[in-house]
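Peer 1: Respectively, the protein sequence lines represent chains H and P. When the count follows our numbering, it moves up by one through the first sequence with no breaks and lands on 600 for the last residue. When the count follows our numbering, it moves up by one through the second sequence with no breaks and lands on 244 for the last residue.
Don't take each hint at face value.
Claimed, not checked - No more than 30 Å apart at the CA atoms, straight line, and that leaves these computed lysine-lysine pairs for DSSO-like:
#	chain 1	residue 1	chain 2	residue 2
1	P	Lys-55	H	Lys-534
2	H	Lys-389	P	Lys-55
3	P	Lys-97	H	Lys-500
4	H	Lys-423	P	Lys-155
5	P	Lys-155	H	Lys-485
6	H	Lys-495	P	Lys-124
7	P	Lys-155	H	Lys-363
These are computed hints drawn from the structure, not numbers from a lab.
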Amino acid sequence: MLRYAINSTFVKLLRKLSKLTGGYMCKKMVLLMFLLVSFMLCPMYVFAAKAGSAENNKLCLQCHSDKTLTKKLLNKEILSLYIDGGQFAASVHGKISCSGCHIDINMDNHPQSKRIASRRDYALSVSRNCSICHTEAQLNQRQPIHKALAEKGPCIECHGSHYIRPTAINKAGVQENAYCLTCHRNKISMRMKNGETLSVYVDENAFNLSVHAKLQCKDCHAEFSKTQHPVRTFNSRRAYTIAASDLCGKCHKEAAKLYETSVHIEQLKGGNEKAPTCIDCHGDHSVVSTKKDKTIGIVSCNKCHSEMNASYEASMHGKARIKGDEKAPSCASCHNAHNVESAKMTTKIKDGCLRCHKDAAKVHSRWLYNPPVKLSTFSIAHFDAVSCAACHSPGAKRGIYLTPYNRKTGKPLSEDEIMKTLGLESDGLMKKFDSNSNGSIEPKELWNIFAELFKKGEMITFMGNMDVQKATEAHMIGSKAEGVKDCDKCHKPDAELFQNVFVVIKKSDGKPLIIPASKEILNSVYAILPMSKFYVLGSTSIKLLDIIFIIALIGGIAVPIGHISFRIITSPIRALRRMGKGGKK
Amino acid sequence: MTRIFLHPIPIRIWHWVNALAFIILILTGAQIKLGNAIHFFSFHTAVKIHSWLGWILVFNYFIWVIYYFSTGNIKIYIPPLNRPVEYAKKALRQAKFYGWGIMVGDENPHHSTFENKFNPMQQVSYLMIMVALIPLQLITGMLLWDPKLFEPIVNIAGGLQIVDLIHVFLWIFFSAFIIVHFYLATLGHTPMAHIIAMFTGYEELHDDHGHGHGHGEEHGHEKEHQDSHGHGESHSH
Numbered sequence: 016m017l018r019y020a021i022n023s024t025f026v027k028l029l030r031k032l033s034k035l036t037g038g039y040m041c042k043k044m045v046l047l048m049f050l051l052v053s054f055m056l057c058p059m060y061v062f063a064a065k066a067g068s069a070e071n072n073k074l075c076l077q078c079h080s081d082k083t084l085t086k087k088l089l090n091k092e093i094l095s096l097y098i099d100g101g102q103f104a105a106s107v108h109g110k111i112s113c114s115g116c117h118i119d120i121n122m123d124n125h126p127q128s129k130r131i132a133s134r135r136d137y138a139l140s141v142s143r144n145c146s147i148c149h150t151e152a153q154l155n156q157r158q159p160i161h162k163a164l165a166e167k168g169p170c171i172e173c174h175g176s177h178y179i180r181p182t183a184i185n186k187a188g189v190q191e192n193a194y195c196l197t198c199h200r201n202k203i204s205m206r207m208k209n210g211e212t213l214s215v216y217v218d219e220n221a222f223n224l225s226v227h228a229k230l231q232c233k234d235c236h237a238e239f240s241k242t243q244h245p246v247r248t249f250n251s252r253r254a255y256t257i258a259a260s261d262l263c264g265k266c267h268k269e270a271a272k273l274y275e276t277s278v279h280i281e282q283l284k285g286g287n288e289k290a291p292t293c294i295d296c297h298g299d300h301s302v303v304s305t306k307k308d309k310t311i312g313i314v315s316c317n318k319c320h321s322e323m324n325a326s327y328e329a330s331m332h333g334k335a336r337i338k339g340d341e342k343a344p345s346c347a348s349c350h351n352a353h354n355v356e357s358a359k360m361t362t363k364i365k366d367g368c369l370r371c372h373k374d375a376a377k378v379h380s381r382w383l384y385n386p387p388v389k390l391s392t393f394s395i396a397h398f399d400a401v402s403c404a405a406c407h408s409p410g411a412k413r414g415i416y417l418t419p420y421n422r423k424t425g426k427p428l429s430e431d432e433i434m435k436t437l438g439l440e441s442d443g444l445m446k447k448f449d450s451n452s453n454g455s456i457e458p459k460e461l462w463n464i465f466a467e468l469f470k471k472g473e474m475i476t477f478m479g480n481m482d483v484q485k486a487t488e489a490h491m492i493g494s495k496a497e498g499v500k501d502c503d504k505c506h507k508p509d510a511e512l513f514q515n516v517f518v519v520i521k522k523s524d525g526k527p528l529i530i531p532a533s534k535e536i537l538n539s540v541y542a543i544l545p546m547s548k549f550y551v552l553g554s555t556s557i558k559l560l561d562i563i564f565i566i567a568l569i570g571g572i573a574v575p576i577g578h579i580s581f582r583i584i585t586s587p588i589r590a591l592r593r594m595g596k597g598g599k600k
Numbered sequence: 008m009t010r011i012f013l014h015p016i017p018i019r020i021w022h023w024v025n026a027l028a029f030i031i032l033i034l035t036g037a038q039i040k041l042g043n044a045i046h047f048f049s050f051h052t053a054v055k056i057h058s059w060l061g062w063i064l065v066f067n068y069f070i071w072v073i074y075y076f077s078t079g080n081i082k083i084y085i086p087p088l089n090r091p092v093e094y095a096k097k098a099l100r101q102a103k104f105y106g107w108g109i110m111v112g113d114e115n116p117h118h119s120t121f122e123n124k125f126n127p128m129q130q131v132s133y134l135m136i137m138v139a140l141i142p143l144q145l146i147t148g149m150l151l152w153d154p155k156l157f158e159p160i161v162n163i164a165g166g167l168q169i170v171d172l173i174h175v176f177l178w179i180f181f182s183a184f185i186i187v188h189f190y191l192a193t194l195g196h197t198p199m200a201h202i203i204a205m206f207t208g209y210e211e212l213h214d215d216h217g218h219g220h221g222h223g224e225e226h227g228h229e230k231e232h233q234d235s236h237g238h239g240e241s242h243s244h
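Pulled out of the complex, with its shape left as it was, chain P reads as follows:
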């Protein structure tokens, strides 16, 4: 079995803080918005938790920004714009895999490496999420957190109702996204493979060619990777 290093420690910290905060923010958000239907917390407690976690998420976002921009690894999020047709074909192949290939035991067309972690569909969606949707959610959250302090920005946005509209639409999106995201995370070569990798940093690759789904499987020997950044090392088993 081969272990491939995918997730450096800052990203693992960022990811799990993000994940936990997201879940609680979604729940407290639901409590704030649907107070007559949901009774997890009191409104006051929900707002307190939501505000605290909102700010934690803001600082957490900077871990991601600082890591990816300082190392230059942000490039893993950037689709190859110079090869759009090829990229589209790859994305389509990936979609076909999830829609059909995975059912019939096809090989995952994408093989994750440290430098090429995301498949084309992940790449474009994570790019959107990280550079547009999360910042937008954080900013609108900040405006709602203290509308008086940020009054000029709220006015530019067209009013607090508009700011809230954006925040709520993104809440709806992230609520659905996180479910799908969690499910997709179980589609490794074992249901826990990706999840464990997100804790340890290493994805274990099996040389079982017949096990056709999961990132990087069947080509583990090709992906043996010595972490050039010193975050870890590859192990052959």
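Okay, chain H solo, but in the shape it has when bound:
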């Protein structure tokens, strides 16, 4: 701007020079000379501009020192045009004349009726003039973070406008958070490697209302401070969020430890980037105490599992919550907050139920008992194999889920582990389980897997449990009266609730691989060893034994019938003998 003013004066001067030389110097030469002289003399003119600025600025401040001087913008915002002359003079630009930056304003055209859309629009427009002196190359070299900014906002948003102070003084004078917010309270964003942009704006108000309001930015963002601001690059917005969630574990060690055992981290490690991290549930700078926010255990889950919400709201639990009972269970109450469990892969969900229903075992023992006593262990034996929802979600479709466990360690075997032991390719497990490709695991196929793993030194056992088939139905917990109480529903050959059988294996991404199985699997001799730990009275008994029982009964009856028949047939012999003996007598 300054150079522009100086240069335009020089152009006039050189034109006169050209005339004086009688047109001897052509236009190109004039231009070349202008550039040369302009370059050589620029600092001198800056100095000259500075020297003259005080006088010029006084002229501007005649009006702009009026605190009431404002301009109404097109969006109805009011822009204050007041300048504190003293503060400006003390700023880093105090020696520069107003027109040095406001190059479009001079005494010929000012005050003029300029149409300005908004404050931000105006800020963007005047910020462009900063680059006359502060070139992009220079900025990137001095503070590389400028380069990382995806969309550069108005310079004045971060640096201020008329009262810019030297950086060192600025840093010394403000607190850590305020210093960070100097830039981050603005709508700035950074660019990701995949072309996405990530807003690095921090909502100051939300942060101040958050549970972390008393923390310093660097408490979490340890790499950053007033003195250092590394430039980091991330593949994507998601990669940034995942990395940022690691920061939470610095303080929240217990929660981080629990999260490490969750189905979410398993999915994350398995390559599913959509799996939630701390930030996805708790938010980032606006993080609220879970003691205050009782909805976090529902709202955050619904971000991904929204299809579960309707059935939850229809449940006893959901209804109670809607009525205002804050203690009514949320998702986290059963599935855990951090060590989130999938119902398909564990029987631990019931622990969540039992946290509230502490006396569940005792209550069930009133009718679910083993005479002549009423031991709670008997109901616990049921709890071990039957999910709470299987009995308490009226109308839900139930299934029997068989999960392979390592017999020695007692831990469930994952798809990867089985494939590794069997030396299978990535998609080979399904083929291995369902070798005849009929879409269902037959008893012989189950045996083959068991036998093959046994040969490779892996002793497995299929543990079974009953659960509802659709997760949405699992949440539709009904009233106590609606619970299944009829023993025959399970404890009977071909029982109603034993019609659908599945083998379920944990995949590397934490999700379950569910393979349908033939219901005959429960009653086959082939299942005796592979499923030796899964036994349900009446419904998992081995059918061959029924046949043996009938044969034994027939045999037992045949012995006396046969013997009596022979005795009848041989009775004449005995009669003869008696007669003979009698005769002798």
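Use these hints to put chain P onto chain H, whose structure you have.
Peer 2: Frame of chain H; chain P shown alone:
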């Protein structure tokens, strides 16, 4: 007619409690296992009865244990291991008797006395039943009764399915056994002789030498026995 004392009161109580419990346990067991084919009781009732009787059988078993071990009479169950050949011959003779001799009116080679109640075949089978099969049935029954309470033992056994397998095999065995046992009980000198003896304690012996089957018959005069344990007395008629 001679009466010979065979069954002291604790054994008679034990036997009939055992018999009744066995029959009902077999039936309720069948109901539990074959619920779609049999409809004697509801599953719930069957389990209740089965559990109650199972425990009664456990306590009843101890009557047998306490009686036989405290009196030393357990020896009647122990085959003479020092004379195996002789014992085998006796067993074979007994088998021949049941298979053929009884048909042609041969004399029962075994004559029961209080000290030698069982013939060799009975001796070996009752020994197996009393010291192995019934305890095994009771233990597996207890494990199935509360698998959580006995979880460590269930795990040692290899799992509840294995425990059930043993329990069911024994159920099958006992179901067939009890039929044969009842039939054999009618093979006294009269069909009711052994059965009445199991109630009264006394087996009546007839001096009818021509009536060739039944324990102890024809040698009743030799077996007249004064009960050394004071449980009863012999009567000559």
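Peer 1: Hint by hint, say whether it matches the structure.
Peer 2: Here's how the hints hold up against the structure:
1. P/Lys-55 - H/Lys-534: holds (28 Å)
2. H/Lys-389 - P/Lys-55: Holds: H/Lys-389 and P/Lys-55 sit about 11 Å apart, inside 30 Å.
3. P/Lys-97 - H/Lys-500: This hinted pair is violated, its Cα atoms lying about 57 Å apart.
4. H/Lys-423 - P/Lys-155: Holds, at roughly 19 Å.
5. P/Lys-155 - H/Lys-485: Status holds; Cα separation ~28 Å.
6. H/Lys-495 - P/Lys-124: The hint is violated at about 59 Å.
7. P/Lys-155 - H/Lys-363: holds (16 Å)
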